[in-house]
Amino acid sequence: MMQQQCRRDGGRAEARPPTLPSAPGSFVSPHPTVGRQLLKLVPTVQRGPGLWALFLNPLPCCRPLCYEQSERRLHKSLQMKMEEMSLSGLDNSKLEAIAQEIYADLVEDSCLGFCFEVHRAVKCGYFFLDDTDPDSMKDFEIVDQPGLDIFGQVFNQWKSKECVCPNCSRSIAASRFAPHLEKCLGMGRNSSRIANRRIANSNNMNKSESDQEDNDDINDNDWSYGSEKKAKKRKSDKNPNSPRRSKSLKHKNGFSVCTSASNTLPLLFSSSGELSNSDPFKYNNSTGISYETLGPEELRSLLTTQCGVISEHTKKMCTRSLRCPQHTDEQRRAVRIYFLGPSAVLPEVESSLDNDSFDMTDSQALISRLQWDGSSDLSPSDSGSSKTSENQGWGLGTNSSESRKTKKKKSHLSLVGTASGLGSNKKKKPKPPAPPTPSIYDDIN
Amino acid sequence: MVVSKKNKDEQMRAAINQKLIETGECLKELLRAKLIECGWKDQLKAHCKEVIKEKGLEHVTFDDLVAEITPKGRALVPDSVKKELLQRIRTFLAQHASL
Chain A
1 MMQQQCRRDG GRAEARPPTL PSAPGSFVSP HPTVGRQLLK LVPTVQRGPG LWALFLNPLP
61 CCRPLCYEQS ERRLHKSLQM KMEEMSLSGL DNSKLEAIAQ EIYADLVEDS CLGFCFEVHR
121 AVKCGYFFLD DTDPDSMKDF EIVDQPGLDI FGQVFNQWKS KECVCPNCSR SIAASRFAPH
181 LEKCLGMGRN SSRIANRRIA NSNNMNKSES DQEDNDDIND NDWSYGSEKK AKKRKSDKNP
241 NSPRRSKSLK HKNGFSVCTS ASNTLPLLFS SSGELSNSDP FKYNNSTGIS YETLGPEELR
301 SLLTTQCGVI SEHTKKMCTR SLRCPQHTDE QRRAVRIYFL GPSAVLPEVE SSLDNDSFDM
361 TDSQALISRL QWDGSSDLSP SDSGSSKTSE NQGWGLGTNS SESRKTKKKK SHLSLVGTAS
421 GLGSNKKKKP KPPAPPTPSI YDDIN
Chain B
1001 MVVSKKNKDE QMRAAINQKL IETGECLKEL LRAKLIECGW KDQLKAHCKE VIKEKGLEHV
1061 TFDDLVAEIT PKGRALVPDS VKKELLQRIR TFLAQHASL
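Listed in order, the protein sequences are those of chains A and B.
By the count of my numbering, the first sequence reaches residue 445 at its end, each step adding exactly one.
By the count of my numbering, the second sequence reaches residue 1099 at its end, each step adding exactly one.
Chain B on its own, in the form it takes in the complex:
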């Protein structure tokens, strides 16, 4: 049952994504722009610099970076941006209720 549910969710998500692309919703672009605007990118960049200085410029690996940066990135997103994006997603889901 769990497997089926997972499959179902995945399929649903796939469908939603499909719908997203079809309708031309650019939530991704919007989020990126908002994050740059609010300074999230600069903050994260500063954090990156620290991490890299710590690890040494030569020895930084991609996985290291991802492991360090992603949680910080998720935490640094400001509330306003998060709320607005969630609102947009809900609106989109409501609009396209019947796939």
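This is chain A alone, in the form it adopts within the complex:
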């Protein structure tokens, strides 16, 4: 029946293909005739890459018995078409040509895109917006010379420069100028703290002293430069121009003690005890006594209690204990001989009875004789004395911690400590000052 039907369709139309199960997504021409007509219009479709072109080809067979055959044929033709279209079928030169074409297209796309942007910028007026005038361009040109950075600045140009302080008219290194100014002007955190402390100290001092000295000869005290250069934190510093300082420093009998403001360790040295009455754990250093102003009696008493060796740097007597490790006994003997004549002996030889009889009043008298000078002339190289002062604190601080008997203020504790310390130092000659160190921190804590 089907065959007859086919033949009846006529010559023009070819056999109607049986309805094929359509593959998903594929385009099947609804009518073979239409497909054929299309084919005629586009004769090259047969060899074209489009998959859809395949299905425009009419299938030769329409008989149901040939269904399988037709399917096979379709499949084959599909494959052929695929192979034809496959790029692997092409030789390398063609592939390369295609690649080049694609590349050229991409570049042209980018150029065109760029042209669009530029043209829009020109027409909207913002094309030249990011330009600067040529003068500025020259000013800020990148510098590429050795020894300069890209801005044309010399590296660490300011290290060696010196500034003149407007307050004290000293020439200070640029990098140290700010801290100096802070101290010099009395502004800044530390300065107010020091000032408060000094006020408290001088209040205490005024109770013990009756007369006030004038400040004239204190004003030309030198700043302790060496202390500034210390790497450790400085807890207190002295304003050389502070009137309080001069008052507390000047002594009735003309003692003057040099100070160096450095050292983080709390020193409970005798003279420091006076000035740090309210805060015994603040440090103050005394490094030496200038012996020119001392009378012979005072000298002798000093030499009985202190090391007394004259430092070469500062020409001042060492105020550390008789056992201070920085100076030898020979030096101490030499100093005593120099001052007190050949008959002078080192105080160690003396009986310890004297020391035992030390009490508060004696120590107070001794301490009150010692006074702070405005500042010390510590040179930066004079680290020895700074170390000395450190150790001093340790040695004496230790002793003060031992003598906790006093019920009075801490300030007096330091005095007592010092006194007994001086005494006990002589007793404990063989013991080095180092071991008691931990006790200092106990004291602090």
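No lab work stands behind these hints: they were computed from the structure.
Beta carbons: idealized from backbone N, C-alpha and C, even for Gly.
Hints should not be assumed to be uniformly reliable.
Covered, in the sense of this in silico footprint (three residues per stretch, anywhere, with C-beta under 8 Å from a C-beta of chain A), are these stretches of chain B [what the hints assert, rightly or not]:
#	segment
1	1005-1019
2	1031-1039
3	1049-1063
4	1068-1077
5	1082-1090
With chain A held as given, fit chain B onto it using these hints.
This is chain B only, laid out in the frame that chain A set:
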């Protein structure tokens, strides 16, 4: 025959483009990024400025720009960028040999 070949090429290119889009290949974006990175855009911009200054800001037309810029642009693409892009294209074609 020439016409047919041209058609064939065009169709092939169309198919390739189709495949490009399908697979999500962003060669265009890649090229753009690379050109900016290597300074091609800045060089071309400097050249543009000269051209525009020459022609006068008001009288620049788009065609002028294209005519001036495109050949320079093509020439300015550095070799490394060109090679890398060609390599990528070849890889892509090899991957998708059967369309």
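Quiz item: Can you name, in rising order, the numbers of the hints this structure does not satisfy?
Solution: none
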